[in-house]
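Chain A is already provided as a structure; the job is to place chain B on it using the hints.
2 protein chains.
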Amino acid sequence: MKIRSFLTTVASVALAAGSLVSNAKDIVHDAEHYVLLAQYKDKWAAQDKTLDQKLVELEKKHGKRPNIIHIMWDDTPVGEIGIPAIQKVRGWETPNMNQLAADGINFMRMYTEPSCTPSRAAVMTGRHAKRNGMYNVGFPYEYGGLAAEEVTIAEVLSEAGYATAFYGKSHLGDVESSYLNNQGFDEALWTPYNQVPSLYVPRAQIGALSAAVMFPEMFGEDPYDIDNGWRPDGYVWALEGKKGGPVREVGTPPNHDDYVALEDEFWKRASEFVRKNAKSDKPFFVALWPQLTSFMGFPDRVTAGGGLLQEALARMDVRVGKLIKELEALEIDDNTLVILMADNGPMTHNGPPGMVETLYTGGKGDYTEGGVRVPAIAYWPGVIEPGQIIGDIIHETDLFTTFATLGGATKHIPRDRIIDGVNQTALLLEGDTQSRRDYVHIYTGPVLAATVKGRYKKHWTGAKPGLSGPEFYDLYSDPREASGQLLPMFPAKSMFNIMKVRHLLMKEKYPDKGQNRDFPLKGIENARPETIEASKGRVLSGDAPFDPKDVIQNLPEWDNVDRGWGLSE
Amino acid sequence: MKIRSFLTTVASVALAAGSLVSNAKDIVHDAEHYVLLAQYKDKWAAQDKTLDQKLVELEKKHGKRPNIIHIMWDDTPVGEIGIPAIQKVRGWETPNMNQLAADGINFMRMYTEPSCTPSRAAVMTGRHAKRNGMYNVGFPYEYGGLAAEEVTIAEVLSEAGYATAFYGKSHLGDVESSYLNNQGFDEALWTPYNQVPSLYVPRAQIGALSAAVMFPEMFGEDPYDIDNGWRPDGYVWALEGKKGGPVREVGTPPNHDDYVALEDEFWKRASEFVRKNAKSDKPFFVALWPQLTSFMGFPDRVTAGGGLLQEALARMDVRVGKLIKELEALEIDDNTLVILMADNGPMTHNGPPGMVETLYTGGKGDYTEGGVRVPAIAYWPGVIEPGQIIGDIIHETDLFTTFATLGGATKHIPRDRIIDGVNQTALLLEGDTQSRRDYVHIYTGPVLAATVKGRYKKHWTGAKPGLSGPEFYDLYSDPREASGQLLPMFPAKSMFNIMKVRHLLMKEKYPDKGQNRDFPLKGIENARPETIEASKGRVLSGDAPFDPKDVIQNLPEWDNVDRGWGLSE
Chain A
1 MKIRSFLTTV ASVALAAGSL VSNAKDIVHD AEHYVLLAQY KDKWAAQDKT LDQKLVELEK
61 KHGKRPNIIH IMWDDTPVGE IGIPAIQKVR GWETPNMNQL AADGINFMRM YTEPSCTPSR
121 AAVMTGRHAK RNGMYNVGFP YEYGGLAAEE VTIAEVLSEA GYATAFYGKS HLGDVESSYL
181 NNQGFDEALW TPYNQVPSLY VPRAQIGALS AAVMFPEMFG EDPYDIDNGW RPDGYVWALE
241 GKKGGPVREV GTPPNHDDYV ALEDEFWKRA SEFVRKNAKS DKPFFVALWP QLTSFMGFPD
301 RVTAGGGLLQ EALARMDVRV GKLIKELEAL EIDDNTLVIL MADNGPMTHN GPPGMVETLY
361 TGGKGDYTEG GVRVPAIAYW PGVIEPGQII GDIIHETDLF TTFATLGGAT KHIPRDRIID
421 GVNQTALLLE GDTQSRRDYV HIYTGPVLAA TVKGRYKKHW TGAKPGLSGP EFYDLYSDPR
481 EASGQLLPMF PAKSMFNIMK VRHLLMKEKY PDKGQNRDFP LKGIENARPE TIEASKGRVL
541 SGDAPFDPKD VIQNLPEWDN VDRGWGLSE
Chain B
1 MKIRSFLTTV ASVALAAGSL VSNAKDIVHD AEHYVLLAQY KDKWAAQDKT LDQKLVELEK
61 KHGKRPNIIH IMWDDTPVGE IGIPAIQKVR GWETPNMNQL AADGINFMRM YTEPSCTPSR
121 AAVMTGRHAK RNGMYNVGFP YEYGGLAAEE VTIAEVLSEA GYATAFYGKS HLGDVESSYL
181 NNQGFDEALW TPYNQVPSLY VPRAQIGALS AAVMFPEMFG EDPYDIDNGW RPDGYVWALE
241 GKKGGPVREV GTPPNHDDYV ALEDEFWKRA SEFVRKNAKS DKPFFVALWP QLTSFMGFPD
301 RVTAGGGLLQ EALARMDVRV GKLIKELEAL EIDDNTLVIL MADNGPMTHN GPPGMVETLY
361 TGGKGDYTEG GVRVPAIAYW PGVIEPGQII GDIIHETDLF TTFATLGGAT KHIPRDRIID
421 GVNQTALLLE GDTQSRRDYV HIYTGPVLAA TVKGRYKKHW TGAKPGLSGP EFYDLYSDPR
481 EASGQLLPMF PAKSMFNIMK VRHLLMKEKY PDKGQNRDFP LKGIENARPE TIEASKGRVL
541 SGDAPFDPKD VIQNLPEWDN VDRGWGLSE
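Quick note, the sequences are listed as chains A and B, same order. With the UniProt record's numbering, the residue at position 240 of the first sequence is 240, and numbering never jumps. With the UniProt record's numbering, the residue at position 398 of the second sequence is 398, and numbering never jumps.
Next comes chain A alone, as it looks inside the complex (with noise of 0.2 angstroms):
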C-alpha cells in the first residue's frame, strides 16, 4: 500500500514514543503528540497537578465549572481582528474585540483547518476534518454531513452536566445525523450552508455586477430549461430544535428578508440563553458561530472601507460588547471563558471585494499560512492574565479538549479514536511558550497539503521525488512562503518526513472515517414540499438504471482534485 511504499523509502523510521501510551483509557492523541510527551511528560504532570487544583478552586468559589462561549466566524485573516494598527491601514475597527484581546489573549497562531466546513467540524469533534469525512465545504444540497458516531464537544460538556447550545452557521451538514440538536446540543437553531445561498434570490439580480446565477425566478424564459428538478430549490435558510425532539424548518427561501432576520435570532436566542442558565447550577456551553452577513451586503456602511466582511464584523463587534456587559451585569463574566476566532483564512480565491491577504500568502482552501491562521482571542478576566500575546501554535481542535478540561469532563471523550487536539489549559491560564503543540498537519480537502513544526513548515504538495526541491520554509523569515530554502534547510528533510510518518502510521491502527452521505433535510417537521422532494431524491430506485442513493454515496470525495494541487497519497 502507498503508505508503506513511502515507508520504504525512510525504512528506518519507528513509530517514535508509542510505548507512551500506557494506559488504555488515556485519550489517543496524533504521534507527535507523544514524541513531546517523551520530553515534557514530568513538566505536564507537575503543571497539570497546579492546574488542576486552580480549576477545583475556582469550581469551590463559583459553584460550578466554568461556562464557555465558543464565537466562531467566517474567513478572517490573522492580524484582522485584536490589532488597532492593522485595522486604521484597512478603514474599519472593531474596538470591542480589540479590548477583549487587550484584556486577554491575543494568539497570533491559531491554526484552522483551511474551509469552513472542515474547520467547523475539527473545533467540534477535536479531529482533523480529514479523519470524520468533513473535509468538503458544503453547498446546498450537500448529501453530506457530520456522522452520528462523531463525538462532539457539546455531548462531552453535556454528559459533565453542561446545558448547551448552539447558535448560527453550523455548516456541518444537511444530513439527520449534522443537525446539532441530536450532536448533543439541548437547543440549537442553526443554518445548515454557508452564506453563498443569500445570492440565490430574486433581489440579487439587484448587483448587475455579480449576476447569481442559479435559479430560474432571476432570468426571462429560457425554452431550453427543460428539468424541473435540477436546481436545489428546497434547500432551507435554518433548522432549529431541541435535544431528542423534532427540527423544524426557519424562515423560507428565497425570502431574503428571513435570512437577514436571522442574525439578530441568532444573538437574541444566545443572550436569552445565557441569562436563563446564569444562576443555574449547570454550567453552559454555547456555540456562538454568526452567520455575519448575506452575501447581498448592508444596504448601508458603518466602516470607512467598506469590505463586505468588515462591514459585518464592525456590526458584530457592537454584539459582542453588549453580550460581554451582560456576563458583567450578570456578575459571571469571572466564571465565562469567551473564545472568539474565525474559522479560516479569507476567501480570497473568488471571494468579495475587501477579502484579501494580511500578513500571510492565500487564503480560504489554501494550506500556506493565510489558509490556516486566524485571528483569536481567549478572555476570561481574572483568571486569564490580560495583555499576552502569545505566539504559541495552538490548533483550533485544541479547544474540544481544553473546554473538557476545564468542564471536568475529559472522562466523556471516546478512547477508540485519535483526538488531534491536545490540552491547552497550561497555555491558558499560564501564558506565552505553554502550548502542548509545536506541530501542525495541514489537509486541504483529503490531501495532506503541508506540515508545521514550530518555524518550519514543509510542503508536501508540490514537492518533487528524488532531489528534494525547495519545498522548506522559516516563516519568522519567510512568513509568507516566498522563497522556498534548500541548502540552508537540508537538516529538516528527514525530520519532516519522519514526522509524516509517524502521522499516516497512525492511521494504520486507527483509520479515517470515509465521509458519511445520505440525502438532504430529512426530517423536517413543517418541511415544503420542495424539501420533502429533495429528501427522497429526484429519481426514485427502479425509476433509472442506476440507484440514486449509490450515487449519493458515490459522490467525489473531493470536488477540487482538478485544482493542480499534487496528491500527497
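Possibly wrong hints are sitting among the right ones.
Remember, identical chains collapse to one label, so a pair may be satisfied in a single copy or spanning two.
List time: in silico SDA-like cross-link candidates among lysine to any residue, alpha-carbon distance up to 20 angstroms [stated by the list, open to error]:
1) K88 to Y456
2) K88 to P386
3) K88 to A102
4) K54 to D26
5) K276 to D333
6) K88 to N98
7) K88 to T433
8) K88 to E385
9) K453 to G306
10) K242 to E525
11) K493 to D186
12) K549 to R301
13) K88 to Q99
Please keep in mind that the hints were generated in silico from the structure rather than gathered at the bench.
Just chain B, lined up with the frame of chain A:
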C-alpha cells in the same frame, strides 16, 4: 511637448486654485496642496494661530525651540516596528521602539520614496527626489550626489540658530557638494554609500552561498583580468568633517572591522553631541541614520527569527532605549521631538532572507504600497498625546517643513522651487485626521508611477491608453493592490488625470533639476592613492577620443529602464 499633448486630452483642465499663491513670499508647494488650501484656508489659518501660540509657550518654558532627533533606517515595511503582535509572528521584538510608538504616535501611512538615496534626499530637502536629481540609488562609484543648490533641513535650521549634526548612512552621493559638512551640518560622520560595499571584502568569501564577485582579492589568479582600473577599489567606508572644514576618510576598506566599528561610533558621537548641546542656548538637530549592519550579518543572534535586518533593528532598539534614557537624565526629553522611521519598504527583490512583505505588496523600488509605506513613530512626551495610531497620510518630505516650523525657521526655506513637504505640525500636536495632505505622487526612479488620493490609488505605469484599464485600487479594501477595479472606480479616472496634469503643469514653471554629476571623492584630506586616482577619472582628457568628464555627465538617468515599467512622460 509631451505634457502639452497629455493636456490636450484633458483639455478643460486648468491649474486649479493657483490664485491662492497670493504672496510671492509664500513657500511654493505642489499643485494638490492648493486644492486642499482652497477648502481649508480658514480652518488651517485659525489652527496655525493656536499652534504657533503653543510653540511660543513651549519656547518660553524651555528657553529655546525644541530639539529634533531624526532616526531613519533601512528597508522596513510598515507594521514591522511598533506593532508587537506582528513582531511576534516574525520571531523578534523591539520593545523600546514599540513603547515609544505606544507613548506617542504610530503613523500607519507614512510615505517615502521607494528606495534609499531618493528617500534620504527627499527628507533632507523636502522635495521629491525627481525634482533634485537624486532618484538613483548610489553605489561605489556613483559619480553623483546632492547638489550645492539644494537646501537641506540642516541649512534651514542652522540659519535659525540650531546646532546640527549627522551620524550614519547618508547615501547621498560621493561628489564634493554632497558632503554633509557642505550641506548645513556643523559636524558629520557619514557613509556615502549603502551597506552593499560590506560585501566587497575578502571575508565575504566565508558566505559561500552568496559569493561576492567584485574584487580580485577574493579569487585566484585570473590571466584574463587585465584592466587594473575597472573596479572601484578606491571607495571609502565613511567620511567626516565640520562645517567649513576639511573632509577626512574614516576607516580603510576592505578592512571589514573598520566598517563594523562605525555603527558604535555613530551612536557614541550622537550621544556626545546631545550631551554637549543639552544645556546650551541653542536647540539641536541630529540626523541619526544608522547603517544597522554589514551585509555579512552578525556573528551571533539576538532574535529568534534571525533575519539580517531584524537582528540589526533589535540591536538598534537597545541603543534607542539608551538614547531616550539619556534625554530623560538630561531633562530635555519634554523639549525633544524624536522621529523614528524607515527610509523605504523591504528589499524584497534580491535582498537578504528575512526582508519580506508584511502588510503590503512589493518592496524597495516598487510603487506599490509595500515600497513606499514605512513604520514611523513620533515621540515627544508632554507635547504629543500618547497612544495614537494615526491613519492620515504623511509624506517624509513633510518632515522638512514641519521641522522648520517647529524650529521657527520657515523663513529660511527657499521660495524659488517647489517644496513638496507640507507643514504637519497640526498632525503632530492635534492628532488623527489633522493631516494637511491626502495625496502622494509616487516616483520610482524618474518615473511618475502612481498617485494616491486618500484611499484610492492609480497606477500610471501599466495603464493602457484609450479605454481605461483596471489600474484603480481601493487601499482599504484591496491593500495589496491585487485586483484593480474598473467599473466601480470609473468616476476616479478623470480625477486622477486632473491631479496628474496639475502636478506636471507646476513643473513647467518649476522644472526638475537634472542629476548632479562629477568625479567622486574629491577633496579628501587623507585620501589614499587609489581614492585620489578615482577622483580624477580613470582616463585623462586627451588620452582618449572622448572626454571622460562628458561620460560622467551623461551617465544614464535611470539604470533600471529595462525593468519593463512603462514610462509616464
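Each hint, compared with the structure:
1. Taking CA atoms no more than 20 angstroms apart as the test, K88 paired with Y456 passes between copies only; the shortest distance there is 15 angstroms, against 30 angstroms inside one copy.
2. In this homomeric assembly, K88 and P386 come within 20 angstroms of each other (Cα to Cα) only across copies, at 17 angstroms, whereas the closest approach inside a single copy is 23 angstroms.
3. For the homomeric pair K88 and A102, the shortest alpha-carbon distances inside one copy (16 angstroms) and between copies (15 angstroms) are both at most 20 angstroms.
4. Proximity of K54 and D26 under a CA criterion of 20 angstroms is satisfied in neither setting, with 22 angstroms inside one chain copy and 70 angstroms between copies.
5. In this assembly of identical chains, K276 and D333 lie within 20 angstroms of each other by CA distance solely inside one copy; the values are 15 angstroms within and 56 angstroms between copies.
6. Proximity of K88 and N98 under a CA criterion of 20 angstroms is satisfied in both settings, with 12 angstroms inside one chain copy and 17 angstroms between copies.
7. Taking the shortest Cα distances, K88 and T433 sit within 20 angstroms of each other only across copies (12 angstroms), while inside one copy they are farther apart (29 angstroms).
8. Proximity of K88 and E385 under a CA criterion of 20 angstroms is satisfied inter-copy only: 18 angstroms between copies versus 26 angstroms inside one chain copy.
9. Taking CA atoms no more than 20 angstroms apart as the test, K453 paired with G306 passes between copies only; the shortest distance there is 17 angstroms, against 37 angstroms inside one copy.
10. Taking the shortest Cα distances, K242 and E525 sit within 20 angstroms of each other inside one copy (13 angstroms), while across copies they are farther apart (90 angstroms).
11. Taking the shortest alpha-carbon separations for K493 and D186, neither the intra-copy value of 48 angstroms nor the inter-copy value of 57 angstroms comes in at or below 20 angstroms.
12. In the homo-oligomer, the alpha carbons of K549 and R301 never lie at most 20 angstroms apart, since the shortest distance is 47 angstroms inside one protomer and 62 angstroms across protomers.
13. In this assembly of identical chains, the alpha carbons of K88 and Q99 lie at most 20 angstroms apart whether taken from the same copy (15 angstroms) or from different copies (19 angstroms).
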